[in-house]
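These protein sequences, in sequence, are chains A and B. The numbering of the first sequence is our numbering, which starts it at 751 and goes up by one. The numbering of the second sequence is our numbering, which starts it at 17 and goes up by one.
Calculated from the structure, these hints are not laboratory results. Worth double-checking, as some hints may not be accurate.
To be verified - Quick partial rundown of chain A residues pointing at chain B, CB under 7 angstroms, derived from the structure:
1. Gly769
2. Gly791
3. Glu803
4. Pro804
5. Val809
6. Val810
7. Ala813
8. Arg814
9. His818
Every residue, glycine too, gets a C-beta built ideally from N, C-alpha and C.
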Amino acid sequence: MKIEMELNGRAVTHEIDPGANLLSVLRGMGQFSVKLGCETGDCGSCTVLLDGEPVNSCVVAAARTHSHKVTTLEGLLGDPLMKELQQELVDKGAVQCGYCSPGILISLYAHFRAGNELTDHHLREALTGNLCRCTGYVKPLEAALTVAQNQQGGPDEQGGAS
Amino acid sequence: MWELKEYRFAATAQEAGALRRQGPGKGAYIAGGTDMYLQPVDCDFVVDINNAGLSDIARTPAGDLFLGAATTLHNIATNPLVADFAEGMLIQAASHCGNRPVRSTATVGGNLCHALPSADMAPVLLALDATCYIADEESQESVPLADFFVSPRVTVLDDRLLVGLALPAEAATRRCASYKLTRSAEDISLVQVVVALGVENGKIETARIALGAVAPVPMRAVLAEAQLVGQSVADISLDLVADAAAIAAGECEPRDDHRASAEYRRDMVRVLTRRQIMKALHDETTITKDSGGTVA
Ligand SMILES: Cc1cc2nc3c(=O)[nH]c(=O)nc-3n(C[C@H](O)[C@H](O)[C@H](O)COP(=O)(O)OP(=O)(O)OC[C@H]3O[C@@H](n4cnc5c(N)ncnc54)[C@H](O)[C@@H]3O)c2cc1C
Ligand code: FES
Ligand code: FES
Chain A
751 MKIEMELNGR
761 AVTHEIDPGA
771 NLLSVLRGMG
781 QFSVKLGCET
791 GDCGSCTVLL
801 DGEPVNSCVV
811 AAARTHSHKV
821 TTLEGLLGDP
831 LMKELQQELV
841 DKGAVQCGYC
851 SPGILISLYA
861 HFRAGNELTD
871 HHLREALTGN
881 LCRCTGYVKP
891 LEAALTVAQN
901 QQGGPDEQGG
911 AS
Chain B
17 MWELKEYRFA
27 ATAQEAGALR
37 RQGPGKGAYI
47 AGGTDMYLQP
57 VDCDFVVDIN
67 NAGLSDIART
77 PAGDLFLGAA
87 TTLHNIATNP
97 LVADFAEGML
107 IQAASHCGNR
117 PVRSTATVGG
127 NLCHALPSAD
137 MAPVLLALDA
147 TCYIADEESQ
157 ESVPLADFFV
167 SPRVTVLDDR
177 LLVGLALPAE
187 AATRRCASYK
197 LTRSAEDISL
207 VQVVVALGVE
217 NGKIETARIA
227 LGAVAPVPMR
237 AVLAEAQLVG
247 QSVADISLDL
257 VADAAAIAAG
267 ECEPRDDHRA
277 SAEYRRDMVR
287 VLTRRQIMKA
297 LHDETTITKD
307 SGGTVA
């Protein structure tokens, strides 16, 4: 079947198998930031945005993105918030093998963009869908908290204050 | 890969039913797909109900809460109308299902229609007396959720569509407490217990004890509930609460699996039911000095 979606701000038409998951279709379209990990919705390495909401693309039907907006990390490379998140992951040593990084970045980006609270608790919640086998979560969380501080314009009121 | 011949989109509930029954071959509804992509259903085509107008959350003038079947768990977990109902119990249940990205697409209808014993939205909805609205082209039927589940993975639906759920205004003021026992924060339930008590003039007028993952289908412990009705909140005895919890443990029918033994599950029903009754009564009863942790 043929679907038309808005991928990273551009209208695209694509021929897909009706049962295909979004993960396989996006990789077929060259979106290699979308990683195949578990394919059971657990690891988050395939996280993308569907109409701005984070989803695990391995458990989303590609067909349902017809007439909807899909955003992958490739589409956010020029975005100032995304750049800041990326840089902070690097600076904090929150990237080792890097397999989980695109998913972590998308989850954090969605959380920040939605205007959610940026406390330690809420940022942990935002990362519940992302497994990282290398860094052990402390560093990604530190990176997220640093960006949160910068966004809120100062180093105060961290760790659950707001 | 999931071999499907066709993926259809329904714009209304009526159209969904028509598209499903029109053939050729076997059809199934799909909402979030988070269950279906894990366990592909044997069918020729699916009918997508995500844009069929089934995603509303509303409070009627009388105070009933309506949840469209295709409402996502994330929308339930973040909706202020839901937060105001029954001490936010539905929010607690929805936000403990899976992980953040799964909740963006997973729907409450999918959770119930998949009909696993461990469906995490079922106990809270049972405890708040949810009614299921079911439709096909000709008729609408409403069925209490307590009569919706038939056996694991089987409901009363057949090829009909679950349109939504209504929770009566009267349940909005129940005192509630719930607990989802899991191996890890994101795992499915080993045991889930939800207690909802309607209290009037210091007396328990209605009692609901709903259990998940401890019987072929999500269930209510009706004998244990009966034990609580009519009791005065201020001087209900600890023994009576413990008795009710033991009765609930007798009512469930857990089984062994790789997550836990039946014996452990049954004992956890006893312990957790006792604690949730105490927690639900917390503000008013005089026996809550024991917060539930010490008396076995
Ligand atoms: C990583 C992960 C973690 C999870 N964790 C949990 C958890 O903690 N607790 C839990 O309970 N579940 C969990 N689940 C399971 C699943 O996400 C939920 O059951 C979810 O609510 C299913 O909804 P859905 O919309 O995705 O269903 P779908 O997969 O779209 O559908 C499920 C079934 O219901 C049918 N159906 C859907 N909507 C309707 C309708 N309106 N009328 C008739 N039939 C319908 C479909 O035909 C299908 O048979 C998890 C899943 C994943 C991938
Ligand atoms: S590959 Fe999708 S969540 Fe792991
Ligand atoms: S850096 Fe290797 S999995 Fe996260």
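Hint check results:
Evaluation of the glycine 769 of chain A hint against chain B yields a held restraint, the C-beta minimum of about 3 angstroms falling below 7 angstroms. Interface restraint check for glycine 791 of chain A: the shortest CB-CB distance to chain B comes to about 5 angstroms, inside 7 angstroms, so the restraint holds. Interface restraint check: glutamate 803 of chain A against chain B, minimum CB-CB distance 4 angstroms, threshold 7 angstroms, status holds. Interface restraint check: proline 804 of chain A against chain B, minimum CB-CB distance 4 angstroms, threshold 7 angstroms, status holds.
For valine 809 of chain A, the interface hint holds, since its Cβ comes within 7 angstroms of a Cβ in chain B; the closest pair sits about 4 angstroms apart. Evaluation of the valine 810 of chain A hint against chain B yields a held restraint, the C-beta minimum of about 6 angstroms falling below 7 angstroms. Taking 7 angstroms as the C-beta contact cut-off toward chain B, the hint placing alanine 813 of chain A at the interface holds, the least distance being around 4 angstroms. The interface hint given for arginine 814 of chain A holds, since its Cβ lies 6 angstroms from the closest Cβ of chain B, which is under the 7 angstroms cut-off.
A cut of 7 angstroms between beta carbons decides the hint on histidine 818 of chain A: the least distance to chain B is about 9 angstroms, and the hint is violated.
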